[in-house]
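Peer 1: Here is how the chains run, residue by residue.
There are 2 protein chains.
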Amino acid sequence: MEATTKIFLDENEIPRKWYNLQADLPTPLDPVLNPGTGKPIGPEDLAPIFPMELIKQEVSTERWIPIPDEVRDIYRLWRPTPLYRAVRLEKALKTPAKIYYKWEGVSPPGSHKPNTAVAQAYYNMKEGVERISTETGAGQWGSALAFGTCLFGLDCTVYMVKASYEQKPYRRILMETWGAEVFSSPTQRTNSGREILKKDPDTTGSLGIAISEAVEDAATHDNTKYALGSVLNHVMLHQTVVGLETKKQFEIAEDYPDVMFGCVGGGSNFSGACFPFVGDKLMGKKPELEVIACEPTACPTLTRGPYAYDFGDTAKLTPLLKMYTLGHDFVPAPIHAGGLRYHGDAPLLCKLVNENVMGAVAYNQNEVFEAALTFARTEGIIIAPETAHCVKATIDEALRCKKTREKKTIFFANSGHGHFDLAAYDAYLAGKLVDYAYPEEMIKKSLANLPKV
Amino acid sequence: MEATTKIFLDENEIPRKWYNLQADLPTPLDPVLNPGTGKPIGPEDLAPIFPMELIKQEVSTERWIPIPDEVRDIYRLWRPTPLYRAVRLEKALKTPAKIYYKWEGVSPPGSHKPNTAVAQAYYNMKEGVERISTETGAGQWGSALAFGTCLFGLDCTVYMVKASYEQKPYRRILMETWGAEVFSSPTQRTNSGREILKKDPDTTGSLGIAISEAVEDAATHDNTKYALGSVLNHVMLHQTVVGLETKKQFEIAEDYPDVMFGCVGGGSNFSGACFPFVGDKLMGKKPELEVIACEPTACPTLTRGPYAYDFGDTAKLTPLLKMYTLGHDFVPAPIHAGGLRYHGDAPLLCKLVNENVMGAVAYNQNEVFEAALTFARTEGIIIAPETAHCVKATIDEALRCKKTREKKTIFFANSGHGHFDLAAYDAYLAGKLVDYAYPEEMIKKSLANLPKV
Chain S
2 MEATTKIFLD
12 ENEIPRKWYN
22 LQADLPTPLD
32 PVLNPGTGKP
42 IGPEDLAPIF
52 PMELIKQEVS
62 TERWIPIPDE
72 VRDIYRLWRP
82 TPLYRAVRLE
92 KALKTPAKIY
102 YKWEGVSPPG
112 SHKPNTAVAQ
122 AYYNMKEGVE
132 RISTETGAGQ
142 WGSALAFGTC
152 LFGLDCTVYM
162 VKASYEQKPY
172 RRILMETWGA
182 EVFSSPTQRT
192 NSGREILKKD
202 PDTTGSLGIA
212 ISEAVEDAAT
222 HDNTKYALGS
232 VLNHVMLHQT
242 VVGLETKKQF
252 EIAEDYPDVM
262 FGCVGGGSNF
272 SGACFPFVGD
282 KLMGKKPELE
292 VIACEPTACP
302 TLTRGPYAYD
312 FGDTAKLTPL
322 LKMYTLGHDF
332 VPAPIHAGGL
342 RYHGDAPLLC
352 KLVNENVMGA
362 VAYNQNEVFE
372 AALTFARTEG
382 IIIAPETAHC
392 VKATIDEALR
402 CKKTREKKTI
412 FFANSGHGHF
422 DLAAYDAYLA
432 GKLVDYAYPE
442 EMIKKSLANL
452 PKV
Chain A
2 MEATTKIFLD
12 ENEIPRKWYN
22 LQADLPTPLD
32 PVLNPGTGKP
42 IGPEDLAPIF
52 PMELIKQEVS
62 TERWIPIPDE
72 VRDIYRLWRP
82 TPLYRAVRLE
92 KALKTPAKIY
102 YKWEGVSPPG
112 SHKPNTAVAQ
122 AYYNMKEGVE
132 RISTETGAGQ
142 WGSALAFGTC
152 LFGLDCTVYM
162 VKASYEQKPY
172 RRILMETWGA
182 EVFSSPTQRT
192 NSGREILKKD
202 PDTTGSLGIA
212 ISEAVEDAAT
222 HDNTKYALGS
232 VLNHVMLHQT
242 VVGLETKKQF
252 EIAEDYPDVM
262 FGCVGGGSNF
272 SGACFPFVGD
282 KLMGKKPELE
292 VIACEPTACP
302 TLTRGPYAYD
312 FGDTAKLTPL
322 LKMYTLGHDF
332 VPAPIHAGGL
342 RYHGDAPLLC
352 KLVNENVMGA
362 VAYNQNEVFE
372 AALTFARTEG
382 IIIAPETAHC
392 VKATIDEALR
402 CKKTREKKTI
412 FFANSGHGHF
422 DLAAYDAYLA
432 GKLVDYAYPE
442 EMIKKSLANL
452 PKV
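Residue numbers (my numbering), protein chains in the order written: chain S, 2 to 454; chain A, 2 to 454.
Since the list can't tell identical chains apart, any single copy or any two copies may satisfy a pair.
Okay, derived cross-link-like pairs now, EDC-like style, lysine to aspartate or glutamate, Cα gap no bigger than 16 angstroms in a straight line: (1) K92 / E71; (2) K323 / E356; (3) K92 / D74; (4) K249 / D281; (5) K169 / D427; (6) K95 / E407; (7) K453 / D330.
Calculated from the structure, these hints are not laboratory results. Remember, predicted model here, so these are calculated numbers, not experimental data.
Start from the sequences and build out the full structure, keeping to the hints where you can.
Peer 2: What follows is the structure, given as structure tokens:
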């Protein structure tokens with residue numbers, strides 16, 4: 002009865018440094034390339050849209066990067082987050098395995114996203130930037146950046162994909178409550194937007210278009226920069242605050258994971274929770290540690306894509322990144338886990354997959370929601386559809402351990418709550434959730450358009 | 002920079018006993034009366050709808066009542082909740098006052114309500130009850146009970162006011178995700194429902210009707226009982242887990258409140274947070290402590306109602322309670338703080354107001370949302386419209402302290418998040434929120450129908 006359910010840390014145990022996995026990679030990352038010249042880009046290429054400190058972090062190979070006091074001071078509003086032992090889920094599954102999860106849903110925007118949004122807002126503020134532009138699909142990232150900029154007194158402009166803007170007003174209101182201005186993208190405010198609207202006035206927009214508008218906005222206005230919520234190295238870096246806390250909490254529990262699961266869209270949640278442990282693995286401290294990325298079958302980047310250079314966006318505005326990709330014009334089926342609908346993945350994470358340091362699995366959405374329901378009815382928490390992917394993996398592994406009688410220690414990154422995703426739960430409960438077929442043909446088609454390098 | 006933002010307690014510091022204010026009242030509560038005979042009711046009158054243990058707690062004058070291990074075990078899923086020092090709000094207001102708040106929004110249903118829902122589900126389960134029926138307006142209480150019954154393996158039937166059922170599908174889905182069955186009230190399942198529908202097939206329902214249906218359901222089915230989320234003594238009792246934790250946390254902070262604010266609908270949030278401190282006041286430990294209930298001007302029970310016997314529901318099915326009341330057929334204006342739209346208040350709390358142990362203030366909704374926005378943009382948290390009433394009081398007091406240079410310690414009970422109330426924020430931001438006039442005439446009319454005792 003008296004098993005510990007959650008492990009808290011004191012505020013002074015919020016990490017003082019982020020962990021940079023680039024310091025411990027067996028071989029360095031492939032360079033980011035200029036699509037025109039095919040040559041590696043330099044800091045000056047990124048300076049129009051990012052502040053210099055973030056550009057430095059992007060290429061740094063220092064193992065530890067100090068977290069500014071002003072950033073830690075805002076982290077305190079919700080950090081350290083609790084590490085839970087899922088005692089009630091274990092009992093329901095009758096598994097001998099131990100299940101732990103790190104709970105990021107306690108942040109005001111409800112996910113891990115503010116860990117980097119707050120840091121990015123801070124560095125922009127320090128360099129005199131007055132406004133940040135960004136894109137958002139379902140709204141998780143946009144609301145995190147609205148929160149972060151609000152606390153540092155910056156303006157924030159969010160280009161929200163039109164389909165989401167109309168269907169998900171709650172996330173839009175959240176951003177506005179924190180003072181951001183939110184536009185339904187495409188807009189008449191940018192060349193990219195106007196061009197699209199000219200061709201197709203009734204378009205519902207796309208993340209690719211919204212990125213183009215946000216980047217153009219930053220590049221064409223003084224004192225305005227652009228911010229991205231995933232994929233880039235500095236974003237992974239900021240998120241390691243999650244995994245570093247988790248390590249301390251496992252020490253208190255006198256335990257250490259045997260297998261770690263996290264959902265992967267662009268990779269920031271997964272990387273944040275797992276990289277400090279991956280560092281241990283690479284250093285030979287726990288070579289047998291299994292680290293598994295969980296993605297949707299509708300967008301099976303790591304499980305089905307090639308490891309190749311590709312654009313980060315549909316409109317081909319970004320430099321070329323070496324990553325697993327389904328092709329920059331791949332359009333995933335409209336699954337409810339909107340945060341996992343990205344054609345590529347963080348280069349750092351892709352390198353680990355390519356070197357067999359970690360693995361990946363893919364799930365269809367009904368089995369994922371079944372897992373989310375089991376979780377809600379045992380642990381009480383309504384999780385985001387994205388997170389539900391790694392809960393599915395966790396439950397499968399725990400049931401496997403039941404058969405083999407293994408007392409494994411399983412960890413998953415519980416990245417956020419599903420309070421704004423209840424329509425998806427409703428569809429699942431009503432038996433109306435669609436399982437999409439594997440997008441074989443579409444992948445073949447979009448991969449044919451990969452840039453030649 | 003390094004001021005503590007929040008004070009956590011370890012899991013083993015979840016209180017082991019609830020505090021019963023009835024033990025410390027200067028004079029006992031007035032008895033609950035049978036409306037037919039005018040005589041005090043006994044346990045046997047309540048037995049058809051409540052389990053015996055809760056009936057005992059309702060009338061107990063023991064100071065401490067043990068919390069069952071099984072209930073504490075579920076409290077661990079989110080308790081102890083953090084006590085925050087609102088450092089960023091203090092700075093923004095430039096006040097010398099210190100502001101603290103207890104944050105109950107971290108519970109899975111998002112408010113303080115599960116503190117009693119879990120306890121009520123437990124006692125029903127122990128006495129062999131298999132199903133609990135209840136009513137819900139906006140859905141806070143219904144979702145807490147769905148959560149509590151789910152974790153103890155009980156069935157749960159919720160009669161949700163039709164207007165809310167149609168306008169607020171998210172709360173309905175939340176209840177269904179935890180396995181409850183939810184009906185749009187009035188239904189064809191009960192005599193009360195059928196009678197109303199015969200008279201008015203297009204009715205949008207009311208809390209009064211939903212209560213009648215839930216009580217009738219419990220009274221007419223085997224192994225089914227009824228549960229109420231506020232007003233009754235045993236509900237206030239269970240909520241004291243909030244205030245007891247808060248006292249420990251103030252000890253750690255080496256501080257003690259000078260003034261305490263909480264919003265009041267039926268009184269459970271306010272009582273839970275404040276009663277352990279009110280006990281100190283009554284015992285002479287802090288006689289100058291100010292304890293202030295915050296209510297809406299649209300439903301000014303404590304500030305404008307008489308202290309009189311009245312029914313707890315519109316349909317006159319309940320016994321008579323001595324309380325401040327606006328009359329059982331008072332229908333408040335449709336303010337967004339749905340949880341504060343109740344004509345009466347908990348008898349325990351009303352007695353304290355009547356004996357001048359505590360006071361009350363009322364606010365209109367635009368000033369309340371202005372306070373909520375200030376809070377969101379400083380402390381980051383989007384609070385429920387109900388809670389916003391005491392944030393308004395807190396900000397006013399902090400600004401008063403700025404003028405008088407008083408270093409008062411202010412506390413408010415932060416009872417829940419506003420994730421399902423964003424439409425109200427949207428209306429406020431768009432300047433479309435209505436401030437209703439004081440309901441003078443309506444109060445006069447409904448008070449004319451108070452029962453003669």
